[in-house]
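> One letter stands for each residue in the lines below.
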Amino acid sequence: MRSLFICGLLGIALFLDKPREPTAALAQAPPNEPKLDLRLPVQPKSVRFAVIGDNGTGAKPQYEIGQKMDRYRQQFPFDFVVMLGDNIYGGNSPSDYKRKFEEPYKALLDAGVKFFASLGNHDNPNERFYKLFNMGGKRYYTFKEGNVAFFALDSNYMDPEQLTWLENQLSESKSDWKICYFHHPLYSDGKFHGSDVDLRARLEPMFVAHGVNVVLSGHDHMYERIVPQRGVYYFVLGSSGELRMGDLIASPRMAKGFDRDRTFALFEIAGDQLYFQVISRDGSTVDTGNIPRQTKQGVRLQSGPSLAAAAAVN
Amino acid sequence: MQSTRLRIRARQLSDMRAPIPFLAMVAALLTLSSALHAQDVANPHAQALMKFQDQVETYVALHKAAEAQLPALKTTNSPADITTHQHLLADKIRRQRGNAGQGTIFSRDVSQEFRRLAAVPLQGINGSRVHKSLKRAEPVVARLEANTPYPENLPLQSIPPTLLENLPKVPPEVDYRIVGHALILRDVAANLIVDYVPDAIP
Numbered sequence: 001m002r003s004l005f006i007c008g009l010l011g012i013a014l015f016l017d018k019p020r021e022p023t024a025a026l027a028q029a030p031p032n033e034p035k036l037d038l039r040l041p042v043q044p045k046s047v048r049f050a051v052i053g054d055n056g057t058g059a060k061p062q063y064e065i066g067q068k069m070d071r072y073r074q075q076f077p078f079d080f081v082v083m084l085g086d087n088i089y090g091g092n093s094p095s096d097y098k099r100k101f102e103e104p105y106k107a108l109l110d111a112g113v114k115f116f117a118s119l120g121n122h123d124n125p126n127e128r129f130y131k132l133f134n135m136g137g138k139r140y141y142t143f144k145e146g147n148v149a150f151f152a153l154d155s156n157y158m159d160p161e162q163l164t165w166l167e168n169q170l171s172e173s174k175s176d177w178k179i180c181y182f183h184h185p186l187y188s189d190g191k192f193h194g195s196d197v198d199l200r201a202r203l204e205p206m207f208v209a210h211g212v213n214v215v216l217s218g219h220d221h222m223y224e225r226i227v228p229q230r231g232v233y234y235f236v237l238g239s240s241g242e243l244r245m246g247d248l249i250a251s252p253r254m255a256k257g258f259d260r261d262r263t264f265a266l267f268e269i270a271g272d273q274l275y276f277q278v279i280s281r282d283g284s285t286v287d288t289g290n291i292p293r294q295t296k297q298g299v300r301l302q303s304g305p306s307l308a309a310a311a312a313v314n
Numbered sequence: 001m002q003s004t005r006l007r008i009r010a011r012q013l014s015d016m017r018a019p020i021p022f023l024a025m026v027a028a029l030l031t032l033s034s035a036l037h038a039q040d041v042a043n044p045h046a047q048a049l050m051k052f053q054d055q056v057e058t059y060v061a062l063h064k065a066a067e068a069q070l071p072a073l074k075t076t077n078s079p080a081d082i083t084t085h086q087h088l089l090a091d092k093i094r095r096q097r098g099n100a101g102q103g104t105i106f107s108r109d110v111s112q113e114f115r116r117l118a119a120v121p122l123q124g125i126n127g128s129r130v131h132k133s134l135k136r137a138e139p140v141v142a143r144l145e146a147n148t149p150y151p152e153n154l155p156l157q158s159i160p161p162t163l164l165e166n167l168p169k170v171p172p173e174v175d176y177r178i179v180g181h182a183l184i185l186r187d188v189a190a191n192l193i194v195d196y197v198p199d200a201i202p
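Just so you know, the protein sequences line up as chains R and B, in that order.
If you're matching positions, the first sequence starts at 1 in my numbering and goes up one per residue.
If you're matching positions, the second sequence starts at 1 in my numbering and goes up one per residue.
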């Protein structure tokens, strides 16, 4: 009887300790849906999250991206979504919140996925009080997941107080990975907006000095990965609802770009490796690769295939 | 004997000279201090900024009094609570301010000072950088009216940090925004145009 009890306990412990892998039932695609093309390792205990930007239109493509994210989550169980701003376009009535956020991501919200928003130029700053955006009533804030520290900034209003706050937070952070995200890109080959050079002059020296690994932004309605600048990786993803087709004018600093359809991204951080996959509305993989963790000086800790090698394949 | 007495007197005089530089320094400092004070009072830039700070303080006191009459806004699952709080606060403030129009805070001299302050970063060594950022921020244009809500569907154009740091610091209840060439002072929680400086941004 006692051995039966111990076996039962062991069984429960093994079940709880098991990494969150997809179950056969969950991963099963509807009959007419093509098989998902997941290129991420889904390692046990890794930090997994999705990224969306310029999403809050309330139009059909936003809903389609939401559905696609949910399907991928069944094979790639992510716990949270990072939002790069323009979370709710147009008005800020309760029906706007419903139509442009709660409904498109209903499946994810029902599954307990948390959203961490940053403010875009189309957002009413009072969105910071909306619990489902997890901003804690603040325009800018930080949170930690595993060995990764996230810094959500308000690039609409980068006043001296926010700059001082960021400097302090970055210098105090002991996390292995530091990811900053905000709406306006420091580097972008988008024709409509492009790089915010004054913001870059203020933020980039801080990113370099404090070993920020990755920076995520939106604003330009396309996807772009920039060749690392001073050791920092920059991604622009502003096409999870909006799209400005043909907006990219490739420059030598563009590592990869896509401006033909809406996109979202999946990120996975396991130890010293960051893996990413950018997926379009039809399920195509737009970009994928891995980034070995940089040290403060921008020297990469080489372990595994490099981003250059991975990017060359794609 | 006479010469000895004269020498002693000369030494006494010489000893007496010791505090003279100190006294001169004190006198000079007093003169400088009063000159600086007079200059401060007469300095139109400082005067305009002091006037602005006083006006902002008065406005923020009004804002706080209005907000104290409402249930405190905390993080909530209900977007209705957020928008209701914003609208009620805006209504209370608007009623309190009565017919406050353009120039209530940005009077003529204060506006002039803000135009000067906004022009500095746009003309300086980083001028082209600040201009580029303004252009790429998705500029917005609208007809402005003080003491009315900031248009619901109008994006909030970002302000280049270099420009922002050249403007006087304001309490968290209000922020600066740009619409066209105008610089707005906006009530953050009430989403209200408190006042604006026309043609502030060159």
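Don't read these hints as lab results, they were simulated from the structure.
A quick note: this is a predicted structure, and the numbers were derived from the prediction, not measured.
Possibly wrong hints are sitting among the right ones.
[Said to hold, decoys possible] Calculated lysine-lysine pairs in the DSS-like style (CA-CA distance at most 30 Å, straight line):
#1 B:Lys64 <-> R:Lys191
#2 R:Lys60 <-> R:Lys45
#3 R:Lys138 <-> B:Lys74
#4 R:Lys138 <-> B:Lys64
#5 R:Lys106 <-> R:Lys60
[As the list claims (entries may be wrong)] Cβ-Cβ distance ranges computed for the label pairs, FRET-style:
#6 B:Asp199 <-> R:Gly137: 33 to 43 Å
#7 B:Pro151 <-> R:Lys98: 18 to 28 Å
#8 B:Pro168 <-> R:Phe192: 29 to 39 Å
#9 R:Pro34 <-> B:Lys132: 38 to 48 Å
#10 R:Arg253 <-> B:Glu138: 37 to 47 Å
#11 R:Gly146 <-> B:Gly103: 23 to 33 Å
Quick reminder that beta carbons are idealized off the backbone N, C-alpha and C, glycines included.
> Each hint needs a verdict: does it hold in this structure or not?
Quick rundown of the hints versus the structure:
1. Straight-line distance between C-alpha atoms of Lys64 (chain B) and Lys191 (chain R) comes to about 43 Å, which puts the hinted pair past the 30 Å bound.
2. A C-alpha spacing of about 34 Å is found between Lys60 (chain R) and Lys45 (chain R), which places the hinted pair above 30 Å, so the restraint is violated.
3. With a C-alpha separation of about 11 Å, the suggested pairing of Lys138 (chain R) with Lys74 (chain B) holds against the 30 Å cut-off.
4. For the suggested pair Lys138 (chain R) and Lys64 (chain B), the alpha carbons sit about 18 Å apart, so the restraint of at most 30 Å is met.
5. Between Lys106 (chain R) and Lys60 (chain R) the CA atoms are separated by roughly 14 Å; this keeps the pair inside 30 Å, and the hint holds.
6. The beta-carbon spacing between Asp199 (chain B) and Gly137 (chain R), approximately 35 Å, falls within the hinted interval of 33 to 43 Å.
7. Separation of Pro151 (chain B) from Lys98 (chain R) is about 22 Å and conforms to the stated range, judged on CB atoms against 18 to 28 Å.
8. For Pro168 (chain B) paired with Phe192 (chain R), a C-beta distance near 33 Å keeps the hint of 29 to 39 Å intact.
9. Checked against the hint of 38 to 48 Å, the pair Pro34 (chain R) and Lys132 (chain B) passes, with Cβ atoms roughly 43 Å apart.
10. Roughly 22 Å separates the CB atoms of Arg253 (chain R) and Glu138 (chain B), a value that falls outside the hinted 37 to 47 Å.
11. Roughly 54 Å separates the CB atoms of Gly146 (chain R) and Gly103 (chain B), a value that falls outside the hinted 23 to 33 Å.
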